[in-house]
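Protein chains: 2
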Amino acid sequence: MNTGFRATVSRYIPILDWGRRYDRSAFSDDALAALIVTIMLVPQSLAYALLAGLPAQMGIYASIVPIILYAIFGTSRALAVGPVAVVSLMTATAVGSIAQQGSAEYITAAITLAFLSGLFLLALGFLRLGFLANFLSHPVIAGFITASGILIATGQIKHLLGIQASGHTLPELVLHLFENMGDTNFATLAIGVSATAALFWIRNGLKPLLVSLGFDARLANVISKSGPVMVVAATTLIVWAFALDDQGVRTVGAVPQGLPPLTAPSFSADLWAGLFVSAILISVIGFVESVSVAQTLAAKKRQRIDPDQELIGLGMANIGGSFSGGYPVTGGFARSVVNFDARAATPAAGAFTALGLLMASLFLTPLLYYLPQATLAATIIVAVLSLIDLSILPRTWAYARADFAAVSLTILATLGLGVEIGVTAGVVLSILIHLYKTSRPHMAVVGQVPGTEHYRNVLRHEVITDPAILTVRVDESLYFANARYLEDRVYDMVASRPKVEHVILMCPAVNEIDMSALESLEAINERLGDIGVGFHLSEIKGPVMDRLRRSDFLQHLNGDVFLSQHQAVETLTEDKGFGHTA
Amino acid sequence: MNTGFRATVSRYIPILDWGRRYDRSAFSDDALAALIVTIMLVPQSLAYALLAGLPAQMGIYASIVPIILYAIFGTSRALAVGPVAVVSLMTATAVGSIAQQGSAEYITAAITLAFLSGLFLLALGFLRLGFLANFLSHPVIAGFITASGILIATGQIKHLLGIQASGHTLPELVLHLFENMGDTNFATLAIGVSATAALFWIRNGLKPLLVSLGFDARLANVISKSGPVMVVAATTLIVWAFALDDQGVRTVGAVPQGLPPLTAPSFSADLWAGLFVSAILISVIGFVESVSVAQTLAAKKRQRIDPDQELIGLGMANIGGSFSGGYPVTGGFARSVVNFDARAATPAAGAFTALGLLMASLFLTPLLYYLPQATLAATIIVAVLSLIDLSILPRTWAYARADFAAVSLTILATLGLGVEIGVTAGVVLSILIHLYKTSRPHMAVVGQVPGTEHYRNVLRHEVITDPAILTVRVDESLYFANARYLEDRVYDMVASRPKVEHVILMCPAVNEIDMSALESLEAINERLGDIGVGFHLSEIKGPVMDRLRRSDFLQHLNGDVFLSQHQAVETLTEDKGFGHTA
Numbered sequence: 003m004n005t006g007f008r009a010t011v012s013r014y015i016p017i018l019d020w021g022r023r024y025d026r027s028a029f030s031d032d033a034l035a036a037l038i039v040t041i042m043l044v045p046q047s048l049a050y051a052l053l054a055g056l057p058a059q060m061g062i063y064a065s066i067v068p069i070i071l072y073a074i075f076g077t078s079r080a081l082a083v084g085p086v087a088v089v090s091l092m093t094a095t096a097v098g099s100i101a102q103q104g105s106a107e108y109i110t111a112a113i114t115l116a117f118l119s120g121l122f123l124l125a126l127g128f129l130r131l132g133f134l135a136n137f138l139s140h141p142v143i144a145g146f147i148t149a150s151g152i153l154i155a156t157g158q159i160k161h162l163l164g165i166q167a168s169g170h171t172l173p174e175l176v177l178h179l180f181e182n183m184g185d186t187n188f189a190t191l192a193i194g195v196s197a198t199a200a201l202f203w204i205r206n207g208l209k210p211l212l213v214s215l216g217f218d219a220r221l222a223n224v225i226s227k228s229g230p231v232m233v234v235a236a237t238t239l240i241v242w243a244f245a246l247d248d249q250g251v252r253t254v255g256a257v258p259q260g261l262p263p264l265t266a267p268s269f270s271a272d273l274w275a276g277l278f279v280s281a282i283l284i285s286v287i288g289f290v291e292s293v294s295v296a297q298t299l300a301a302k303k304r305q306r307i308d309p310d311q312e313l314i315g316l317g318m319a320n321i322g323g324s325f326s327g328g329y330p331v332t333g334g335f336a337r338s339v340v341n342f343d344a345r346a347a348t349p350a351a352g353a354f355t356a357l358g359l360l361m362a363s364l365f366l367t368p369l370l371y372y373l374p375q376a377t378l379a380a381t382i383i384v385a386v387l388s389l390i391d392l393s394i395l396p397r398t399w400a401y402a403r404a405d406f407a408a409v410s411l412t413i414l415a416t417l418g419l420g421v422e423i424g425v426t427a428g429v430v431l432s433i434l435i436h437l438y439k440t441s442r443p444h445m446a447v448v449g450q451v452p453g454t455e456h457y458r459n460v461l462r463h464e465v466i467t468d469p470a471i472l473t474v475r476v477d478e479s480l481y482f483a484n485a486r487y488l489e490d491r492v493y494d495m496v497a498s499r500p501k502v503e504h505v506i507l508m509c510p511a512v513n514e515i516d517m518s519a520l521e522s523l524e525a526i527n528e529r530l531g532d533i534g535v536g537f538h539l540s541e542i543k544g545p546v547m548d549r550l551r552r553s554d555f556l557q558h559l560n561g562d563v564f565l566s567q568h569q570a571v572e573t574l575t576e577d578k579g580f581g582h583t584a
Numbered sequence: 003m004n005t006g007f008r009a010t011v012s013r014y015i016p017i018l019d020w021g022r023r024y025d026r027s028a029f030s031d032d033a034l035a036a037l038i039v040t041i042m043l044v045p046q047s048l049a050y051a052l053l054a055g056l057p058a059q060m061g062i063y064a065s066i067v068p069i070i071l072y073a074i075f076g077t078s079r080a081l082a083v084g085p086v087a088v089v090s091l092m093t094a095t096a097v098g099s100i101a102q103q104g105s106a107e108y109i110t111a112a113i114t115l116a117f118l119s120g121l122f123l124l125a126l127g128f129l130r131l132g133f134l135a136n137f138l139s140h141p142v143i144a145g146f147i148t149a150s151g152i153l154i155a156t157g158q159i160k161h162l163l164g165i166q167a168s169g170h171t172l173p174e175l176v177l178h179l180f181e182n183m184g185d186t187n188f189a190t191l192a193i194g195v196s197a198t199a200a201l202f203w204i205r206n207g208l209k210p211l212l213v214s215l216g217f218d219a220r221l222a223n224v225i226s227k228s229g230p231v232m233v234v235a236a237t238t239l240i241v242w243a244f245a246l247d248d249q250g251v252r253t254v255g256a257v258p259q260g261l262p263p264l265t266a267p268s269f270s271a272d273l274w275a276g277l278f279v280s281a282i283l284i285s286v287i288g289f290v291e292s293v294s295v296a297q298t299l300a301a302k303k304r305q306r307i308d309p310d311q312e313l314i315g316l317g318m319a320n321i322g323g324s325f326s327g328g329y330p331v332t333g334g335f336a337r338s339v340v341n342f343d344a345r346a347a348t349p350a351a352g353a354f355t356a357l358g359l360l361m362a363s364l365f366l367t368p369l370l371y372y373l374p375q376a377t378l379a380a381t382i383i384v385a386v387l388s389l390i391d392l393s394i395l396p397r398t399w400a401y402a403r404a405d406f407a408a409v410s411l412t413i414l415a416t417l418g419l420g421v422e423i424g425v426t427a428g429v430v431l432s433i434l435i436h437l438y439k440t441s442r443p444h445m446a447v448v449g450q451v452p453g454t455e456h457y458r459n460v461l462r463h464e465v466i467t468d469p470a471i472l473t474v475r476v477d478e479s480l481y482f483a484n485a486r487y488l489e490d491r492v493y494d495m496v497a498s499r500p501k502v503e504h505v506i507l508m509c510p511a512v513n514e515i516d517m518s519a520l521e522s523l524e525a526i527n528e529r530l531g532d533i534g535v536g537f538h539l540s541e542i543k544g545p546v547m548d549r550l551r552r553s554d555f556l557q558h559l560n561g562d563v564f565l566s567q568h569q570a571v572e573t574l575t576e577d578k579g580f581g582h583t584a
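Residue numbers (my numbering), protein chains in the order written: chain A, 3 to 584; chain B, 3 to 584.
To be clear, the hints were calculated from the coordinates, so they are not data collected in a lab. Take these hints with a grain of salt, some might be off.
Heads up, the list lumps identical chains together, so a pair's fine if it works in one copy or across two of them.
In the PhoX-like style, the derived pairs of lysine-lysine whose C-alpha atoms are separated by at most 25 angstroms in a straight line are [unchecked claim]:
1) Lys439 - Lys209
2) Lys501 - Lys302
3) Lys302 - Lys209
4) Lys501 - Lys303
Note that this is a predicted model, so its numbers are computed, not measured.
Pulled out of the complex, with its shape left as it was, chain A reads as follows:
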């Protein structure tokens, strides 16, 4: 095996790199981290599977093989892959539009969705297209996550009340809740509300209490992370002891015991067509969520992650999940932070977590029979409330109305029309706003800042100008969307300044001149030439100048091209035979 080949293989399979240096200290760190994460993941995995409309055990299956594959192919040391709230909700939306919840087709569709999403992530990774995720702007992501959190929490209220309420949008959910509120099962409500309260208290109050009681901080941490398991155990025991399932408290029921099953995605063309757009959206959202978690955690340790390799890691995880009874997964924030806080040293921590979940799947599932769904709903509600952060609205309002518009639309569309339309609307609107802004660029008439060679906007600074020289700084790349606008503005400015003999287009902000803009520059050059006005360019950047040299524009230019604006003004002023004045 030669070195070049080995380097290539190592790039795509990072385990070959860190695996070689693995030692006992890393092992004990990883194993402890895995224990903590496993304890946290069991109830959460069950809950998210129910959120996706799937049998509870699929949440555990979805964690096992994907975690191992991510450990082999991923680059983040701390990322924990598995079912997450937003992707589970998106799965429910996507699969729910194709099959009836509870049917075999529904399960097959979810497995196929994981497979398609994995294929798409792999394709993006091999084509090194990870940057595409950047088109989801921060405000759009923030708005989408917040709106999804609201949808998820609202969707769980029915489980706390023990009633029916379905829907993929907020109005539908709220309407159904009100319609069916009369059916509330009070035993369920009591369990649900107590579980929610207990989980909130465990999340915020247990660890400080334990520490104040003299527990070691790390132990206090383990105990408080296992709090949800205690709530699960307590409510399960209560249901069993008082036979509350006979009083209408819905429980998880029989869960098959054993290894994750060998499953396979469907290869039906119809199903693929029906899931295609959803698979793309889930992949992109999952990738963005995962990468931002991974980057945040990596930055804390001065490590770097490779987004394109992350695509491959997540892609393999999803494909692996689709063959082992799973549904779409990604790197989750909560579980990764736990992993990180528990000092996971390498991706092997993930593999040990998988082992722990395998044990749970083999031995613990019979104990889940009496686990009330209300407890799982409480787990989800407590988890997603931390996702909801409406502060993005005032922050964007204060900073930039365009961002505010994008984030508001994303939130409204997600709540009112569902997750898929919501995120798509956000992305499309932010791109449209950006294009609109670049289509009407800021243009400033500039003059010399006294005592310097620096030229700035005449409206904002005290500057020196010459009535015979009009310098226009155009603050945008020149391309098809603004080419005609540029023409119109230059003509207008020249028309209103009859003394002008030279027009200098100052181009420090022009990063591109495409064919359409070149034709507009030619038109401006010709028009100004006709009326005896010189047309000059200054501060054209290297790459743009290279481009212009490939056309014959510079030969036709009736003026000159100057390296700097100052040189342009000096030369044109000298040519006239007198100094320029204020």
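Following the hints, complete the assembly by docking chain B onto the known chain A.
Same frame as chain A, but now just chain B:
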């Protein structure tokens, strides 16, 4: 009526402005122009209606009312509105997918398409959204027009051969032509080929011949413009005289004689839904074609047109057409140039043309019975061949591969998949390419050009730099698509230069910093602060600075903001207590 109200009314109804100053000299110019245009329009209007798959007389109807309405609401002095080749082809494509050619539904759909397209144009006009047309880049338009010309010319060959061949794409058309070539009617072929040859000769050779024979240039012009009418008359007479219609030469046949009929668009929701996208595409293409013709002609006379008002003019023209037996119209290049060359002084020339066409519709239609369709096909072929210009391919190849990619895709998609997919693909690809480019901006490390206060790329110029100061000029607005890329690049540059104490982000090309980019700048600031590197900004533009002041970023900035790059370097060098060296 107060002045403000009158100004508003005049803005939307320009005739109130020029109509008041109308005099005898303008009248005689307009009337002569109208005569010439009418003579040219009769055969062309019939031909384009057949191209759209409609009865020949609809081409004339489509010119009458629309011309008058455009004269009232439009702003161009020379624009002649009516059926044009590309829009006729697009009409055939759109309506052909909904109804069978020759059926009453087909005609209703074409009329409804004109109505919808008119509504859409009006809406764009009132919302002042004319700039949207700028997103059709020059190369995309050029490619689309060329490909449409090829499609149209190929589609007419069947009429020259007297065979059947249908299809909306080049492969379909060519395949059908080869399949049915054996059915060629030789009488039709003889007429078709002679008419084509005659029209080519008239277009290029007749006027010079007449002038060399001593005719007055203007008269020679009128005669040569009426050449097509002579070809129409000659071939009609031949078919009649030799009873060639009995030998299989297809003719126009019975055309109703009379005023344009009163028609109405359908208000069927299904039909509207089926035509909606087509109406948008036809409106935009028609508008772009019309505006570029109008602007070209206006520029020659130092006049200006108002694109938003043009939308209203074209919108009224189409709505008017839909109530008078017409189909979608726009400003055509050939007829407008004729109008212009014939010295039309005001839009009234158009109204006189409408009068001429009305006369034709009232009195000439019986004469059209024996007019062979092959002659009309020849008229179309000669007209559209001037649209075909493949030189855009080598020009864009030489200048910019991105433009080349957009134009090639437009041509291939238009020829291979049809006009609607073709133009959409071109627009989408050019926007995607633009976004891709801005997502990975050019970034240059810069230094001082000796003896100046000007700073340029170290790789392209001999410049002075200081190892403790890294100045990075980022050549793009900072927004969501490139925010993460900026972070990565800055970290990489700092990591590879251990001596760096200050990073200056030089921002003359940064025209916007959106919320996502602000968060990235905050992250960079924090990360550099952690490793003891100062983070400074220079040459931030006014509007961007205003924006930054609305956030708390400047308070957290661990360095300073400098008006000019030179000032930044001077200050930071002085702080260190020694001069900066080469």
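To see whether the hints hold, each was checked on the structure:
Within a single copy, Lys439 and Lys209 get their C-alpha atoms no closer than 50 angstroms, and across copies no closer than 49 angstroms, so neither meets the 25 angstroms cut-off. Taking CA atoms no more than 25 angstroms apart as the test, Lys501 paired with Lys302 passes between copies only; the shortest distance there is 23 angstroms, against 60 angstroms inside one copy. Taking the shortest Cα distances, Lys302 and Lys209 sit within 25 angstroms of each other inside one copy (23 angstroms), while across copies they are farther apart (80 angstroms). Taking CA atoms no more than 25 angstroms apart as the test, Lys501 paired with Lys303 passes between copies only; the shortest distance there is 22 angstroms, against 62 angstroms inside one copy.
Violation of the numbered hints given earlier is confined to hint 1; every other hint is satisfied by the structure.
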